[in-house]
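Given the structure of chain A, go ahead and fit chain B onto it with the hints provided.
Here is how the chains run, residue by residue.
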Amino acid sequence: MSSSSTTTTTTRLLMLKASDGVTFEVEEAVATKLGAINNMVEEEGSEDLICLPNVNGKFLGMVLEWCKKHANNNTNSDKGNDEVNKWWDKEFVMDLDQNTLYHLLMAADYLSGTELVDLLTEKVASMIRGKKVEEIRETFKIKSDFLPGQEEEIRKKNSWAFE
Amino acid sequence: MVDRGRTQPSKRRTTTQPNKRRNTAIETEKSGPSSSSSCASKFLANITDDILLEILVRLPNCRLAIQCGLVCKRWHSLIYNSEYIQKFIQVRQNNLDYNSLLMPYTILFQRASYVSKESCYFDSQHRQLVSNESSSLHETQSSGYIDFLDGLFVKASSNELLLVSDQRMSNLYVCNPILRQRFRLSDPPPGAFGVNGYGLACQAKSCNAHLRGTNINVQYRYKVVLICGLNVTARIFCSETGNWRTLNIPSPWKFTIDFGCHPIASNSGVLYWLDGQRKFDGVVAFDPFKDTEDATEVCRFIKLPLGKRDSHYVDRLCFGSCLGRLRLSHLCKRNVFFDVKVWELGYDDDDGFPFWILVRKFSLKRENTNMMTVLAFHPNNEDVIFVLCDHQFCRYEIGKRKFEELGKWPNGMITDRYSSLVVSTYSLVHPSWAPTSIRALQSS
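Quick mapping for you: the protein sequence lines, in order, are chains A and B.
For the first sequence, the residue numbers in this note's numbering are 54 to 216.
For the second sequence, the residue numbers in this note's numbering are 391 to 834.
So that you can see chain A by itself, here it is in the shape it has in the complex (with noise of 0.2 Å):
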């Protein structure tokens, strides 16, 4: 990096541009939490303002919001951290509908958000759990497009499955 002569101890800003033109000033510490501002970050001559022509502002800033609190509490991580990161992540994912889930984990996909994206799947997969066939269906609205047969056939070779 073609770093330049500042002493100073504050931490780096960086702008991100979302689709929709909303911009965000953020730490780099907080923005590096994503794999893909981390990439382009180490690069050398990166920029501090980064277009994201992907991802819309308010998802941008639901992405940067979890963003934030992981990267303060990376700086001094003791197990009760630990444990108001767990709380808050539960918080933050409790009453996301199926649309916001959605481009959430676009977003954090796109951004290589890791953490995210297990946080995000995590909660899908709960979403999941406890559910019969049909439920799933129902919840997500997906249709059976299984030829007539088929689904009994499968059924049929892993019994034990669904007794």
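These aren't lab readings, by the way, just hints derived from the structure by calculation.
If you're wondering where the values come from, they're calculated on a predicted model, not measured in any experiment.
Beta carbons are placed, not taken as given, at the ideal position from N, Cα and C, and that holds for glycine.
Hints should not be assumed to be uniformly reliable.
Unchecked claim - Pairwise CB distance ranges, derived in the manner of DEER restraints:
1) A:Glu-175 - B:Gly-736: 36 to 46 Å
2) A:Glu-206 - B:Glu-794: 39 to 49 Å
3) A:Glu-206 - B:Phe-727: 55 to 65 Å
4) A:Glu-80 - B:Glu-473: 31 to 41 Å
Stated by the list, open to error - Covered stretches of chain B (chain A as the covering partner; in silico rule of three or more C-beta atoms under 8 Å from a C-beta of chain A):
5) 566 to 576
6) 814 to 823
Below, chain B without anything else, positioned relative to chain A:
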């Protein structure tokens, strides 16, 4: 920083491709639900296969995963796929503090009632099982197990298999209770009277260098061993040939065995039993996979690690397998405490000589409890044992000194002074993925 700020407009940069793999994500997002038009929901339909896979590997157990394969074709092709299965297992390995959920397990408790000093029978009406942590395989109700075993007597267990006999004690079956499959063994050679002990041992067939618990559809073979008579012979059934062979075991071992509450344990293909009756000096290690007529090659006597002053009585000993190693515990009452020592069996690297290592030493105390017996070791968690406290089954965490009540014996336990003697335990460790079909084991 100031410099950079100034150069922003000219050098601004756009990230369309944060990394390679993510290309698909962007394309799918743009192209909409066309690729999987069958799924009407925008949510899971539009999501990439990569992410859907990430979601599905986080399902709590393989039973639900297999059920989810019926949701639609896309889910089916993702789940019924070796990449999925490997990932499914991997997620478990990464996420767990303990290995406890890595391999779901079941512990079956069966009451043994003594008819006479030498023999005992198992009361098939009185069984309980613990699989609270093995919910991975039987999320809803595990009663299916018990139903399946109605009228059958459990004789031995190894891996995910049980050796059971029917009411008449004459027919022997190897069964996988999860699949509700059983295979009847051919009759043992004549002369197999007075069977003192039943053993079942499994061994991986191919030299799979996989990590423990990651074997998928593992190919293994098994041996059934019957220890018969006072002039001891062993009848050994081989799953690969479907035949029995007889092995004469010369003295010095008399095999005056008391298997009532200490069924033959199986660990890494070797069978172990306490040698003696009501009082024990050692453990016999028996390797049914050694294909030789020389009994000294097959059998080995291992002295118990107990001092002269410790009593070797049966009700104070428990042995079984934990994380693939044989464990032995000794319990001793001291006033209101019960002192427990746990050893692990190791073999010397150079000469293969067996030795015991003391791995745990602790005291048990529980209010209003007069009798305590260590019933079983947790198959995957070194810190957990199962204890019978009077009539109450408990799971005990050694580190946290925490008892968790699992339930009472139905209809109450026998309340005589031997009450602690009459529960035999059988541990099953299920594969992380689907159970192995008995038919596959026979035909292979």
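Identify every previously stated hint that the structure contradicts and give their numbers, smallest first. Hint check: 6 fails alone, others pass.
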